[in-house]
Amino acid sequence: MSEDDFEPKIVAFCCHYCAYTAADLAGSMRLQYPPNIRIIRLPCTGKVDVLHLLRAFEDGADGVYVAGCMEGDCHFINGNFRAKKRVQYAKKLLDEIGFGGERLEMFNMSAAMGTRFAEVAKEMVERIKKLGPSPIRGGKTKKDGDAL
Amino acid sequence: MVIVATGGEELKPDEYLYGKNERVMTQLEFEEHLVEEPQFSAAQKTVVMIQCVGSRNEERPYCSRVCCSTAVKNALRLKAKNPDAQVIVLYRDIRTYGLMEPYYREAREKGVVFVRYEPEDKPKVEERDGKLAIEFFEPTVRRRVTIYPDTLVLSSATIPRENEELALMLKVPRMADGFFLEAHIKLRPVDFATDGIYVCGLAHSPKNITESVAQAAAAAARAGTVLANDTISVGGVVAVVDEEKCAACLTCVRACPYSVPVINERGKAEIDPVKCHGCGVCAAECPGKAIQLQYFRDVQVLAKCDALYGKEEVAA
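These protein sequence lines map, in sequence, to chains A and B. Under the working numbering, the first residue of the first sequence is numbered 124, with each subsequent residue one higher. Under the working numbering, the first residue of the second sequence is numbered 16, with each subsequent residue one higher.
These are calculated hints, taken from the structure and not from any lab test. For clarity, every value in this text was computed on a predicted model and none was experimentally measured. Just so it is clear, CB atoms sit at the ideal spot from N, CA and C, and this is done for glycine as well. If a hint is listed, it holds; no wrong ones were tucked in.
A few chain B residues that face chain A, going by a derived Cβ cut-off under 10 Å, partial list only:
1. Pro188
2. Ile200
3. Glu300
4. Ala322
Bound conformation, chain A alone (with noise of 0.2 Å):
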């Protein structure tokens, strides 16, 4: 599979204050973003858990984000900082396996932020892109020393 045909597939773990209403406003806004990102939704990112990270991917997601409020700004006080937490040590995780950290992804964004939301999930999917298909999809696992 080249890399021009390599559709990625690419779930974004949103929270329901911020990022899944900045993805309603990039709809009202008629913001184009590529139609790779699946949303689940959450009431908060502090309820994402490593588990549903590596789902994701099991599943064959090739790239996997979690979108939630800006630090200070969360709805629930700290849920996005727990979030943080729990990405890095995922990403830890995926490097140590040689899947590539970072296929996995923490953004930030206000519900404000529809042209933000746009912005991202092209990031990540030109990103994904670059990576190629996940090694579960068949595609090649990450040495240490490979370049990005």
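Dock chain B against chain A, hints included.
Leaving out everything else, chain B in the frame of chain A:
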């Protein structure tokens, strides 16, 4: 129950010699002169108004909505008191929307001159020999024209009042320009995503009085739907503990941002469904997976993952 109605105000411009020449004023100041000073109108031979001052630019991309109608209203008011006064309105696009369109026509009939300018070629305002000189391109005669008016009125932008502290306190979102953002533009126009907080008026976006009144009535009605009930049912999104699995490790007690979980007399964690805000932090942190957040149980989230990129596809 909170209704956010902090309002807005008129931007004090920092261009077109505002604050440097006393004959340069905003629409509100001009209106005050018209109403309060009986001699003011008679002394005006020529008045120039500049529209879109501080709105629809890089910094504030939005339209302030009220300035076109205010300019037309004040032009007509001046014309009524002093029919000989010449009024020239330099505009980008006239938006006297809704039922205010007839006033625009009336203003044209009474001889108010409307001249369009391009944002790349804004009118130039300077002092020449103690007079106020305004130079602009007149597209119908295709020439640069200079006018020496008695008063220059700036239709400046509507801006929100200082509300950052309030936004942080209530944890409600604002747009980049400082106006509060509703939960959904079309489906929940006066609600915030947070229950029990509503928004109306200029706090939300620039709008005229009729629109503010309509929105205020909507916000009050939305608040009324809650206040009218003797009891309200809380959402079902709450955390539930499986006592069989709970080891009373206190992780949830420490993790909960609202200090809801307690260890009960049976030595197990207990979460009061009325106090629970439903964020799911405890469910994610619980090392024994003894807590599940209703509607977002692990099996449900995992089922969503499976459904999106199902396992059959992986094999293919």
